[in-house]
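A.B. asks: One letter stands for each residue in the lines below.
Number of protein chains: 4
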Amino acid sequence: MSKSDFSQNLLASSGKPQTAADKIPIIARGAVSERAIKALNLVEKFVEEECIPADVLYHSQLGEGEKRWASYPPVMDELKAKAKKLGLWNLFLPRNHFTQGAGFSNLEYGLMAEYMGKSRTASEACNCAAPDTGNMEVLAKYGTDAQKKQWLTPLLNGEIRSAFLMTEPDVASSDATNITLTMKREGNEYVLNGSKWWSSGAGDPRCKIYIVMGKTDPNNRDTYKQQSVMLVPAGTKGVTVQRCLSVYGYDDAPHGHAQIKFENVRVPASAMVLGEGRGFEIIQGRLGPGRIHHAMRSIGAAEKALEWMIARVNDPRKKTFGKQLNEHGVILEWIAKSRLEIDAARLIVLNAAMKIDEKDAKNALKEIAEAKVLVPQMALTVIDRAVQSYGAAGVCQDTPLANMWAQIRTLRIADGPDEVHLQQMGKNENKRSREIREKLERQRQIGDEMVRKAGVRPVGKSML
Amino acid sequence: MSKSDFSQNLLASSGKPQTAADKIPIIARGAVSERAIKALNLVEKFVEEECIPADVLYHSQLGEGEKRWASYPPVMDELKAKAKKLGLWNLFLPRNHFTQGAGFSNLEYGLMAEYMGKSRTASEACNCAAPDTGNMEVLAKYGTDAQKKQWLTPLLNGEIRSAFLMTEPDVASSDATNITLTMKREGNEYVLNGSKWWSSGAGDPRCKIYIVMGKTDPNNRDTYKQQSVMLVPAGTKGVTVQRCLSVYGYDDAPHGHAQIKFENVRVPASAMVLGEGRGFEIIQGRLGPGRIHHAMRSIGAAEKALEWMIARVNDPRKKTFGKQLNEHGVILEWIAKSRLEIDAARLIVLNAAMKIDEKDAKNALKEIAEAKVLVPQMALTVIDRAVQSYGAAGVCQDTPLANMWAQIRTLRIADGPDEVHLQQMGKNENKRSREIREKLERQRQIGDEMVRKAGVRPVGKSML
Amino acid sequence: MSKSDFSQNLLASSGKPQTAADKIPIIARGAVSERAIKALNLVEKFVEEECIPADVLYHSQLGEGEKRWASYPPVMDELKAKAKKLGLWNLFLPRNHFTQGAGFSNLEYGLMAEYMGKSRTASEACNCAAPDTGNMEVLAKYGTDAQKKQWLTPLLNGEIRSAFLMTEPDVASSDATNITLTMKREGNEYVLNGSKWWSSGAGDPRCKIYIVMGKTDPNNRDTYKQQSVMLVPAGTKGVTVQRCLSVYGYDDAPHGHAQIKFENVRVPASAMVLGEGRGFEIIQGRLGPGRIHHAMRSIGAAEKALEWMIARVNDPRKKTFGKQLNEHGVILEWIAKSRLEIDAARLIVLNAAMKIDEKDAKNALKEIAEAKVLVPQMALTVIDRAVQSYGAAGVCQDTPLANMWAQIRTLRIADGPDEVHLQQMGKNENKRSREIREKLERQRQIGDEMVRKAGVRPVGKSML
Amino acid sequence: MSKSDFSQNLLASSGKPQTAADKIPIIARGAVSERAIKALNLVEKFVEEECIPADVLYHSQLGEGEKRWASYPPVMDELKAKAKKLGLWNLFLPRNHFTQGAGFSNLEYGLMAEYMGKSRTASEACNCAAPDTGNMEVLAKYGTDAQKKQWLTPLLNGEIRSAFLMTEPDVASSDATNITLTMKREGNEYVLNGSKWWSSGAGDPRCKIYIVMGKTDPNNRDTYKQQSVMLVPAGTKGVTVQRCLSVYGYDDAPHGHAQIKFENVRVPASAMVLGEGRGFEIIQGRLGPGRIHHAMRSIGAAEKALEWMIARVNDPRKKTFGKQLNEHGVILEWIAKSRLEIDAARLIVLNAAMKIDEKDAKNALKEIAEAKVLVPQMALTVIDRAVQSYGAAGVCQDTPLANMWAQIRTLRIADGPDEVHLQQMGKNENKRSREIREKLERQRQIGDEMVRKAGVRPVGKSML
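Read top to bottom, the protein sequences are chains A, B, P and V.
Here this note's numbering runs 972 ahead of the position in the first sequence, where the first position is 1.
Here this note's numbering runs 972 ahead of the position in the second sequence, where the first position is 1.
Here this note's numbering runs 972 ahead of the position in the third sequence, where the first position is 1.
Here this note's numbering runs 972 ahead of the position in the fourth sequence, where the first position is 1.
Mixed in with the good hints there might be a few duds.
Identical copies go unnamed one by one, so any copy, or any two together, can satisfy a pair.
[Claimed, not checked] Below are the SDA-like pairs computed for lysine to any residue, each with C-alpha atoms no more than 25 Å apart in a straight line:
{"#": "1", "residue 1": "K1338", "residue 2": "A1003"}
{"#": "2", "residue 1": "K1403", "residue 2": "D994"}
{"#": "3", "residue 1": "K1197", "residue 2": "N1160"}
{"#": "4", "residue 1": "K1039", "residue 2": "V1428"}
Simulated from the structure, these hints should not be mistaken for lab results.
Modelling step: build the complete structure from the supplied sequences, incorporating the hints.
C.D. replies: Encoded structure:
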């Protein structure tokens, strides 16, 4: 079968399949432009017809052993060329904050990112893969012209890749004030010493630039002014990539999650981003939209897992005890709950994206936190049901399920563990306490007065 | 303190409290008219300042023993007069389907219903209480002019109340084809025999009309054509209200949940709604919007429970082990999760409401089912956390929590238990199986071909 | 059918039904004496054949309104007479700590209490009902001869009932150091002032004695020496039973949960138990076995709920969508999980009971806490499934389910909320940290040394 | 530090650490012999002091790429020699069924297996590793003398390893009647054709014998008589190990999970076990004790995860937001719940083991199923909490947590997915329905009669 028949067959198979645009929740529809609708449908087509079929080839071209880190699968360049030609390039830079991107809103890009999340290759093919996306945002927002020319341009062109180096192995770096890598000014240079890990993407031979967070002023009383961000080219003298960390048993080559040592690494003062002591400001600006991207891709992964589950439980070869799996009530309940949980999570993320679009990420702290916490837990649950419905096939390399699960499991930890976000959300919500207590107290007083006037015996006694 | 000071104090207490309109999720904002915004703010004010303070009086006026069923609390008529004056009357009849209501969309009314759900008295005060709402919809949609004049007009005016009699004690009536009450044509009359229960509202002395589902043609091969709906005045000869059922110990007087016996009850043929055999059609049309109302009120109840929880854990008299409860991490997590779960559920319901607004309830079967299943489970969880944070006070009459929990617990059963809806949702979702299986098969074929052409060893083996 | 046919029929119906003894988990069997086996089988028979059938009569005899508190159902005295005759009396006082009881171990009595938990009337019929059990333990352990003669003897004979007054409405009394009722010595008397609530059993006209916890020395630096326990006869001047609290909508008459005011209540100094400042010591000794009793009765309630669920899903009148409920996979999974969860919880409680038997309740703090936390949550889950399988019938007075749920819901709060116990359990478990950290550190050191000696490249890096 | 100091230090660190024997739940203590107590303490010492430190070396010696499958880590032979010397060898064969083992009961061995589950190397070191254990049981129970001599003896000596080949890639083999590998008699030989996968252990170069399930009589009307079991030496002509399957990215080398093709594989008729058509009988006998072993090892893994969690949250380097993790209430609750859930699961397994000891595995079907379903879900929950408390370190190779999680995740699928077991458990429990319905009906009748005689108005109406 030629690929050109594919869409037609897809159409034929079910009479009237829904387009990606048809599947936008109606409550979000009004905020999506016609141009975005077209791009969204194109993204879905590109992902389903080009990227997903290429995923197995991508993994196969990776090979084994050291080879996995020495090059990258050639099919990626073919996909990138196709995406560029289709105009599906740098879709992530939102129109109200950047001029360099494709000009969509966070909401619109979020809808597209969902489809990218269904394929191992799609995000990178469209130059929308983390951590490059966040790094490009940092450079576009805070970089000098020279920094932009040197690093942002090739990143926007998809010629190089990048890594973001914040987390450290020896401290609890979910509290970012704990980081210890030192950046000491010496003349016109800074000297960097310390250790980083979970430097995702640093394993890739195309990764040319590290965006590094360290401390220029570790004794500043304001613990949020101690940090700075600098640009360190990969391969700078004194930088050693010590090893790559696995995620469950996956090495995630060629991307990788590196542990990197800095020993007297010297970089020119011009490599400083924004200025000394402004590291926190930079990373905070970086986090919001990235969480939306992760969340929407995870929703795509959950949708994919649900598709695979449905495919399995309708597989005529997989009857047990005389029944198709789709006839088992428990399985139908899994499917129904998965549908419901995915739909609820998607609305939470789209609402957060629109809240960012209204103003900026600070405007949407609550909504982003909700998405950050809800989505990975939902996706893990849905994927795990799919794994279970596949039996042993679900845990191995014959489905994308186990790998998707492992990837998304890290999202409950990355950018701060769920629990830290929940504590912060709880504290913020609790700020309403004075207002609430006063309101309830007044309601009680008025109510008591009404009962007194009416001369009846009160039922209950308000506790407040 | 006079009530007129109340709003000012509310305002004063927290600088800049959010209005109800401010709290509309941004993703829904665009679909809410200015007129609805105004009404919504007015509803919030009415509920918080008038209805909630009146709730204790309402309960106190109910009294004890038989008295609870003989009259109804006088405060209700005062509240109704106020609501009418404020224009907060019959808000529930959506503008695209009815002319008699206040002219709001389901989405807009949904937002208002949330606030009504925070008070025992608010829905009735605004003439928006079940089962009258659904019954008015039935009469407005399907009633003859005479039927409308006799029953719809006084219902719209809030002069009488009504009950809907479908469920039966001796069969599994979650499958409505199982009902057994017979309606036999004899000349110009029908003779009704059978038993109904959970006839909510039939305990109220103001309840004047029963909308009764029975079988006119129990042997019709089409099991969905056997049923008819008739209008039976309360007190018709042969009708006996046998007893009222409790809900976790609550009698819900004066409303009540009655068990009612029909022994040779004769009604004129003109009491038939729409025509013989059209009972299913009628009840199906009745269900959609009502589920949205229940769901939004439950969300209001959950918000109220969260407010009470926050009030408690900030109560300076309630320190344990040297700490305020709001300093306990577990409690903060409860608050955060409650916030998140409420917000997700609300989006699901608002999306369903908007889907109905787009066309009709049939258009929104999936979305309504999602709301039906998700919201009560969410609200029960949130309320139960609040109960737990109150300790013993939470289970008794001193907070509204235990009663709200019991009310909402019935929603997991009413209109079909969760499990029936989940099975149906699962089956619907599973209808995508052919389309999905074909898509995955084609993706696999193309992928295999790519791997073959590239001449590399494949990793994994697609299971499909 | 005469009652004498009952056992025979029971037997006939299934060939070979298991006795209560047969159902003892094998791991506990060895610790149960032959005498206990016989008593256990007798308890089951008494509960199933006498008490459960009498439950409806008990409720019916209670009547309505004020009458519910003025007397108690006459059937209770008949049941008590039967139980005494069968030797099923005061079974709860464990043989290694008391001489007054029937001479069983906590493990053995626990097995019996499970069956009592299946009936509203059984525990009281066997003089094994809370709070009398705990109060009799206090009197037997700490009472003077005079106190024993006056109060313990009639309690052991089932002639009077009693209440335990600790919890207070205005403080967070889950932390018992917070109680405020004052006990001031004046000459040969103490003067009591303060308020108590949740004084369970104080509603009963037979309740003659209150065991009251208060503060004799509120300024003692040792916050655990401020409290004392005194015996206050019901009806003492200055004592006012203000109202009874409901549990969800149940009033639990005639037992009741009273709010009681103490205004200058004078009691002789001889009413002091054990001595001033020894209140904590007394309540701590009181708590352990009582938690086992509650837990085992809750397990009985869960077993009863499971029986009712099975009865329902096999009811031929209750087919939905052409199937018996027992053919629905989801329902079968509920049954299976209920079986499993009940069995696991029972083992936890029996193990705790045996740990008490080995020495005393202090020996079993961890095990008792595990039972305290696990059992109510399990029972609530199982009962809620049964409610759901009954549909609307499950929430009302036509099954024992809703009432059982409400009763057990209070156990997540009584004797300290779950969360307080979990925090304490967590802290205790965390005391192992030094031992564990040292062990892991040594393992790491030895392991590193082995790797070094072997001259291979280490995989992973121990975090510890 | 020399290893000889280790125990002393362990002791010193905490005054009086509990021995393994001290930690036996009291309810099981009576059934454990003195000899077993000694062995148990020895097992703990061997695991903690020898095996766990050796685990990192074991993984390190495995190396990378093809090398991982070509040999096995030399440290294993050292550990085996030590275990043999200590008498910790073939502990698994229960004394009431076999003469070849160490003479312990299933309960006693279960206690030991828990400790083995804390180490990657311990089970194999004691010659107690799956699938050899089950295979040795099959050979000991059903093998001819020749079969025993050829295969059982070297297995008992730990000289060779083995695999069990049942699951097939193209069918739903959780229903074992679905298997398709054919075994055709031709003269004095059988010819085998078909495909197997998840043949665990077949990757190991020491694996010399496959125990293969196939169909000798695929058309037999009795679908449980079609299967036979044969012994096929690894390397037999026509047998191809095609690939090894991964488990969440882990290859589990050198053990491995192989996919194996049989093409006209010829084995002598003497390789048949027990006789044609007796395959089902053999695998059923094989399953019970193996599930106990898996379950107890999983409990050991959960205990280890809890130890690692406690170590982390007390790590002074890992403060966040000014607090040690052990001061966060949420973390303390995780620790407490983990303690409770592990303890409950252990009692379920020990009770099942004792039930097998009483007679045999058939006697304990319910209890084994409970252990099979409960334990993996519990262990996954506990381990996942530990992962979360470690943050990024938890998902990678620096802790044993991610790998343990992946291993145990397969247990929810192996030997039949949880859902199949739950359905079966539900059906079995539901067999009580007639007995229960009759009992409840009689109780209702007697109760109604009592109410009638007493002449009171009945409250409620029994539904049964």
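A.B. asks: A separate judgement is required for each hint: does it hold in the structure or not?
C.D. replies: Going down the list of hints, with the structure as the test:
1. K1338 - A1003: both (21 Å within a copy, 22 Å between copies)
2. K1403 - D994: Intra 40 Å, inter 17 Å, cutoff 25 Å: inter-copy only.
3. K1197 - N1160: The answer is within: 21 Å in one copy meets 25 Å, while 69 Å across copies does not.
4. K1039 - V1428: For K1039 and V1428, only the inter-copy Cα distance (14 Å) is at most 25 Å; the intra-copy one is 85 Å.
The structure agrees with every numbered hint stated previously.
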